[in-house]
Amino acid sequence: MMGKLNAYVDRMSQPCRAILIFCRLNGIDFEEIKVDIAKSHHLSPEFTEVNPLQKVPAILHGNLNLFESHAILAYLSSAFPGIADHWYPTDVIRRAKINSILDWHHSNLRYGAEIYVTNTVLGPAIGRPRNPKAAAEAEKVLLSSLSKLENIWLNGDGRFLLGSFQPSIADLSLVCELTQLEVLDEMDRGRILSPYKKVLGWIEDTRTATNPYFEEMHNILYRAKKKFQQQRSRIAESGTETTNNRGRHSKM
Amino acid sequence: MIGKLKVYADRMSQPCRAVLIFCRLNGIDFEEIKVDISKRHHLSLEFTEVNPLQKVPAILHGNLNLFESHAILVYLSSAFPGIADHWYPTDVFKRAKVNSVLDWHHSNLRYGEVNYVSNTVLGPALGRPRNPKAAAEAETVLLSSLSKLENIWLNGDGRFLLGSFQPSIADLSLVCELTQLEVLDETDRSRILSPYKKVLGWIEDTRTATNPHFEEMHNILYRAKKKFQQQRSRIAESGTETSNKMGRHSKM
Numbered sequence: 001m002m003g004k005l006n007a008y009v010d011r012m013s014q015p016c017r018a019i020l021i022f023c024r025l026n027g028i029d030f031e032e033i034k035v036d037i038a039k040s041h042h043l044s045p046e047f048t049e050v051n052p053l054q055k056v057p058a059i060l061h062g063n064l065n066l067f068e069s070h071a072i073l074a075y076l077s078s079a080f081p082g083i084a085d086h087w088y089p090t091d092v093i094r095r096a097k098i099n100s101i102l103d104w105h106h107s108n109l110r111y112g113a114e115i116y117v118t119n120t121v122l123g124p125a126i127g128r129p130r131n132p133k134a135a136a137e138a139e140k141v142l143l144s145s146l147s148k149l150e151n152i153w154l155n156g157d158g159r160f161l162l163g164s165f166q167p168s169i170a171d172l173s174l175v176c177e178l179t180q181l182e183v184l185d186e187m188d189r190g191r192i193l194s195p196y197k198k199v200l201g202w203i204e205d206t207r208t209a210t211n212p213y214f215e216e217m218h219n220i221l222y223r224a225k226k227k228f229q230q231q232r233s234r235i236a237e238s239g240t241e242t243t244n245n246r247g248r249h250s251k252m
Numbered sequence: 253m254i255g256k257l258k259v260y261a262d263r264m265s266q267p268c269r270a271v272l273i274f275c276r277l278n279g280i281d282f283e284e285i286k287v288d289i290s291k292r293h294h295l296s297l298e299f300t301e302v303n304p305l306q307k308v309p310a311i312l313h314g315n316l317n318l319f320e321s322h323a324i325l326v327y328l329s330s331a332f333p334g335i336a337d338h339w340y341p342t343d344v345f346k347r348a349k350v351n352s353v354l355d356w357h358h359s360n361l362r363y364g365e366v367n368y369v370s371n372t373v374l375g376p377a378l379g380r381p382r383n384p385k386a387a388a389e390a391e392t393v394l395l396s397s398l399s400k401l402e403n404i405w406l407n408g409d410g411r412f413l414l415g416s417f418q419p420s421i422a423d424l425s426l427v428c429e430l431t432q433l434e435v436l437d438e439t440d441r442s443r444i445l446s447p448y449k450k451v452l453g454w455i456e457d458t459r460t461a462t463n464p465h466f467e468e469m470h471n472i473l474y475r476a477k478k479k480f481q482q483q484r485s486r487i488a489e490s491g492t493e494t495s496n497k498m499g500r501h502s503k504m
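Chains C and D, in that order, give the protein sequences.
Under our numbering, the first residue of the first sequence carries the number 1, and numbering increases by one thereafter.
Under our numbering, the first residue of the second sequence carries the number 253, and numbering increases by one thereafter.
FYI, nobody ran anything at the bench for these hints, they're computed from the structure.
Every value quoted in this text rests on a predicted model; they were computed, and no experiment measured them.
Hints are not guaranteed to be accurate.
[Claimed, not checked] Straight-line distance between alpha carbons at most 16 Å, and here's what the computed EDC-like set of lysine to aspartate or glutamate pairs gives: (1) Lys148/C / Glu389/D; (2) Lys133/C / Glu389/D; (3) Lys385/D / Asp29/C; (4) Lys400/D / Glu49/C; (5) Lys4/C / Asp29/C.
Okay, chain C solo, but in the shape it has when bound (with noise of 0.2 Å):
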């Protein structure tokens, strides 16, 4: 008999949520233990021997310590009984579309969003300098992205990744990603969305479907979206940048 699975990891990084939404959702039996990312706890001894590169999500499940969110949710989606065949379908056809879109996924959607989102609140909410270079460059590959999932992903029947009627991990892990937009300024957040209405609709749809353990998850991140908030309000006000040692990092 295996041993319980250890999940570690931070509800501020967009792969960890998925996997922790994917485990409550299916009834799956974990312990969560929390990596603190902002207080570099990835860094200590102690976390390195779960994954010596040093990232969350990462699991221990008997003897097996595993990391890279994807091949964690297909792992889970196969090793646990009673998981619902929508979420990584066994047919080898569907199963290479999904397979296709998570791969999509690491040079595209993941690299455009993460580096906006950390050159533009995160990074400088840590006192990281802004980097208007980075930030338009990866604006760019965000907004490419958006586009493809907006004309080629959400083709077809149904309201999911690749048409299907019913989620896969694919869907939580792009939707994940994109919640992390949550933190930007709001202006900015409406214009780079706002355009696209069936990625609004199948982020609504993938939110819909794996409630309540989606809101549940990303109740820090709402938290950190508010704290931003307020924060931009009060430099509008006083017209001066004030230092902040309340933002946190999300980079895996």
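Starting from the known structure of chain C, fit chain D onto it as the hints suggest.
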């Protein structure tokens, strides 16, 4: 009965070579259709119907069109009979580990390698300006990735990734990425690779395990390497930069 497999590829592309070598090695019956990136064939209407994302490699197999090389390699491992288990193990734990290297690859080795080679050799060969800053940043990622291969991924009793005694699709994918460094100036290439003894041994072992198909699929890259060497010699002798149309774009 499913139609014959069609593989849309440019052999200057690292992931294309991995797919081609895999097919040949495993006796998969397929038709190779050349998509010449340097002549922008990937942007043709014809190819866009095969892959709306306009990237190689892509495959057509019956009603399935599929892109992203890792998804393709996984599909081929599962869809064709008689493929040895070590390429993509059916054991859930071993498979999860192979998946984690495949995932890690995108944002690490591939990102570092593609951007370094683009910004030093292949981009300028197509008339793009050199970008020393981007090259320096990419080199940092490339070296960090090589270090992780040397110290983490190649740990274990066997000579392949994850300590395995036989290669998997991850070995094939990552080694085909590293062979792209052949187009660099020899001093550069050596400076980057020579500290990593395990990596160098592993490249040779993967080559040996997949020859003669490995060499065959790399011929075009070796010819490009020669042309770049000759060009560099001419520049060194004449002391001036000449325009060059012989380079090929391998960024996919």
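A quick look at each hint next to the structure:
1. Taking the CA atoms of Lys148/C and Glu389/D, the gap is about 27 Å. The hint is violated against a cut of 16 Å.
2. Simply put, Lys133/C and Glu389/D have alpha-carbon atoms about 14 Å apart, close enough for the 16 Å limit, and the pair holds.
3. A C-alpha spacing of about 48 Å is found between Lys385/D and Asp29/C, which places the hinted pair above 16 Å, so the restraint is violated.
4. Of the pairs offered as hints, the one joining Lys400/D and Glu49/C holds, with about 15 Å between alpha carbons and a cut-off of 16 Å not exceeded.
5. Proximity of Lys4/C to Asp29/C is assessed by CA-CA distance (about 7 Å); at most 16 Å being required, the pair is judged to hold.
In the structure shown, a violation is registered for the earlier hints numbered 1, 3, in ascending order.
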